[in-house]
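Novice: The lines below spell out each chain.
Number of protein chains: 2
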Amino acid sequence: MSNFKDQLKIARAAVDQNLEKWLPIPDNLSARVVEAMRYATIGGGKAFRAFLILTTAKMFDLPEQNAINIATAMEMVHAYSLIHDDLPAMDNDTMRRGKPTTHIQFDEATAILAGDALLTNAFEVLADEATNKDGSIRAKLVKMLAHLAGKDGMVGGQMIDLIGEKQTLNLEQIEMLQDKKTGALLMFASTASAVAAKATEEQLNALKTYAKCIGLMFQITDDILDVVGDSATVGKTLGKDKTETKSTFVSVLGLDAARKKAEDLGVEAEQALSIFGDKANALREAARFILERNY
Amino acid sequence: MSNFKDQLKIARAAVDQNLEKWLPIPDNLSARVVEAMRYATIGGGKAFRAFLILTTAKMFDLPEQNAINIATAMEMVHAYSLIHDDLPAMDNDTMRRGKPTTHIQFDEATAILAGDALLTNAFEVLADEATNKDGSIRAKLVKMLAHLAGKDGMVGGQMIDLIGEKQTLNLEQIEMLQDKKTGALLMFASTASAVAAKATEEQLNALKTYAKCIGLMFQITDDILDVVGDSATVGKTLGKDKTETKSTFVSVLGLDAARKKAEDLGVEAEQALSIFGDKANALREAARFILERNY
Chain A
1048 MSNFKDQLKI
1058 ARAAVDQNLE
1068 KWLPIPDNLS
1078 ARVVEAMRYA
1088 TIGGGKAFRA
1098 FLILTTAKMF
1108 DLPEQNAINI
1118 ATAMEMVHAY
1128 SLIHDDLPAM
1138 DNDTMRRGKP
1148 TTHIQFDEAT
1158 AILAGDALLT
1168 NAFEVLADEA
1178 TNKDGSIRAK
1188 LVKMLAHLAG
1198 KDGMVGGQMI
1208 DLIGEKQTLN
1218 LEQIEMLQDK
1228 KTGALLMFAS
1238 TASAVAAKAT
1248 EEQLNALKTY
1258 AKCIGLMFQI
1268 TDDILDVVGD
1278 SATVGKTLGK
1288 DKTETKSTFV
1298 SVLGLDAARK
1308 KAEDLGVEAE
1318 QALSIFGDKA
1328 NALREAARFI
1338 LERNY
Chain B
1048 MSNFKDQLKI
1058 ARAAVDQNLE
1068 KWLPIPDNLS
1078 ARVVEAMRYA
1088 TIGGGKAFRA
1098 FLILTTAKMF
1108 DLPEQNAINI
1118 ATAMEMVHAY
1128 SLIHDDLPAM
1138 DNDTMRRGKP
1148 TTHIQFDEAT
1158 AILAGDALLT
1168 NAFEVLADEA
1178 TNKDGSIRAK
1188 LVKMLAHLAG
1198 KDGMVGGQMI
1208 DLIGEKQTLN
1218 LEQIEMLQDK
1228 KTGALLMFAS
1238 TASAVAAKAT
1248 EEQLNALKTY
1258 AKCIGLMFQI
1268 TDDILDVVGD
1278 SATVGKTLGK
1288 DKTETKSTFV
1298 SVLGLDAARK
1308 KAEDLGVEAE
1318 QALSIFGDKA
1328 NALREAARFI
1338 LERNY
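Here the protein sequences come in this chain order: A and B. Reading the first sequence from the start, the letters are residues 1048 to 1342 in this note's numbering. Reading the second sequence from the start, the letters are residues 1048 to 1342 in this note's numbering.
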């Protein structure tokens, strides 16, 4: 799997370099919020979503600098969602990516503001001339990310997740939760470069199927890891789902059926990629990585 | 002042109608966050920023539907900022616009998510084809709002405001705080329609001066109202600045000098509008309203 892991590292480095450019520390009292934004983004996490954007960009010959801006916006939104999810009023998590969460490292107010500013900044990056020379494409990417990250996407999923902590969800509701909460941003990450490069409808649809499969797989393996994973390896508090009697794929399907479902989705994801031939090898490795991950 | 007050009501009604279109309640468990978004926006507040957008749109013959979308995005961002500002970890306010704040009416987690979703949704509205037929203008509006609402604008100002609760700020720092926290969104509200209608540099600069003046005036009169205003009329908790020994224009300049400064800014705002002749009468009334407001 060296190709995939190398590309993850390359994505992380490219986004970090761009984050340095977009998040300079100002010489005034507002510096604190920028420090928190940097703490939550630079060098943080696997940059899996950024990898998807950069890899699909290569498949469609989208200029690398365009893709890096899209990937940076994506990672800003992902980081904002983690900061807010970790807040005491939400999941109340104290560890993330192997270090204290933003509200622990700074304070709650600064964490709320850093999340707000990262979300806002993501749209500034997407709308920037360097992201695409065609203004209507820039606007399209903004609309797409806003739709997938907002009430109809990620935030809607987070709302359902919170409700699910207090009432039992059925499989259909868990799938909707996942489709919005985790799936929506993976949908953006899997298709944004193709949209920016004006890919064909057939190509876009293949990537959408791939995104749906890996989104579900991602959540199922997340639920499995919460039960069988090792806290130090995963880098966050585990076993929380059971403590909070949360409805998950594992609690509804059981461990074996959840694993089987993830494997079936892996097969479907590979099939969707067949129209791209060898060009999609990194995406294939990514799907296998999700299936087999232990962190 | 009937012209100005009538136009405020017209702006409120136009934005409310558009919010109904953009915020339908979904038939699934995510409905709760949309209900909170509607609670915090529809029928709430004077719609002063929306008025500025609709009024300047008329000055430059921008199609009304374009302007209503821009105004709706603006009010979404304004409402999100109030929801998050009112949170226990921030200003900890329980009343806003004469009713319980969003986290009191719903709960803290839902309030955080409703703010996040309104901010996100604002960019979806701005990037929508109905906002402007020219994609590069849509992208420009997105970039402008993101810049003014984020770390370099409103959120940066909110950060300085929080720091100002713990340390004394000098006049220069209070002006920077205000310029970012209140001024940045008023800058967007005063200039967005002109940008969308491709106004001349001279026209844009005149509106920027106007925006700077009314932004400062707005904050100064806000600080004055906190000392001399009536809670029931203003519709929120007053006297908080003194209780929290916060640095404000009144605490640094004194009541009389603060009033004088606001009056001088009113004169400057009127002068900036001279190039527009009678077309800017509603903007003139708006500036006088800010000077004389008691809520």
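Some clues are possibly wrong.
Stated by the list, open to error - Cross-link-like lysine to aspartate or glutamate pairs, in silico, DMTMM-like; alpha carbons within 25 Å at most:
(1) B/LYS1056 x B/ASP1074
(2) B/LYS1213 x A/GLU1082
(3) B/LYS1180 x A/GLU1067
(4) A/LYS1245 x B/ASP1154
(5) A/LYS1213 x B/ASP1199
(6) A/LYS1293 x B/ASP1074
(7) B/LYS1293 x A/ASP1154
(8) B/LYS1255 x B/ASP1199
Derived from the structure by calculation, the hints contain no laboratory data.
Novice: Each hint needs a verdict: does it hold in this structure or not?
Specialist: So, going through the hints one by one against the coordinates:
1. B/LYS1056 x B/ASP1074: Violated - the C-alpha atoms of B/ASP1074 and B/LYS1056 are around 31 Å apart, more than 25 Å.
2. B/LYS1213 x A/GLU1082: holds (19 Å)
3. B/LYS1180 x A/GLU1067: Distance ~34 Å between B/LYS1180 and A/GLU1067 Cα, so the pair is violated.
4. A/LYS1245 x B/ASP1154: violated (43 Å)
5. A/LYS1213 x B/ASP1199: Distance of about 39 Å is beyond 25 Å: violated.
6. A/LYS1293 x B/ASP1074: Answer holds: A/LYS1293 to B/ASP1074 is near 22 Å, not above 25 Å.
7. B/LYS1293 x A/ASP1154: This hinted pair holds, its Cα atoms lying about 19 Å apart.
8. B/LYS1255 x B/ASP1199: holds (17 Å)
Against the hints set out earlier in the document, violations occur for numbers 1, 3, 4, 5.
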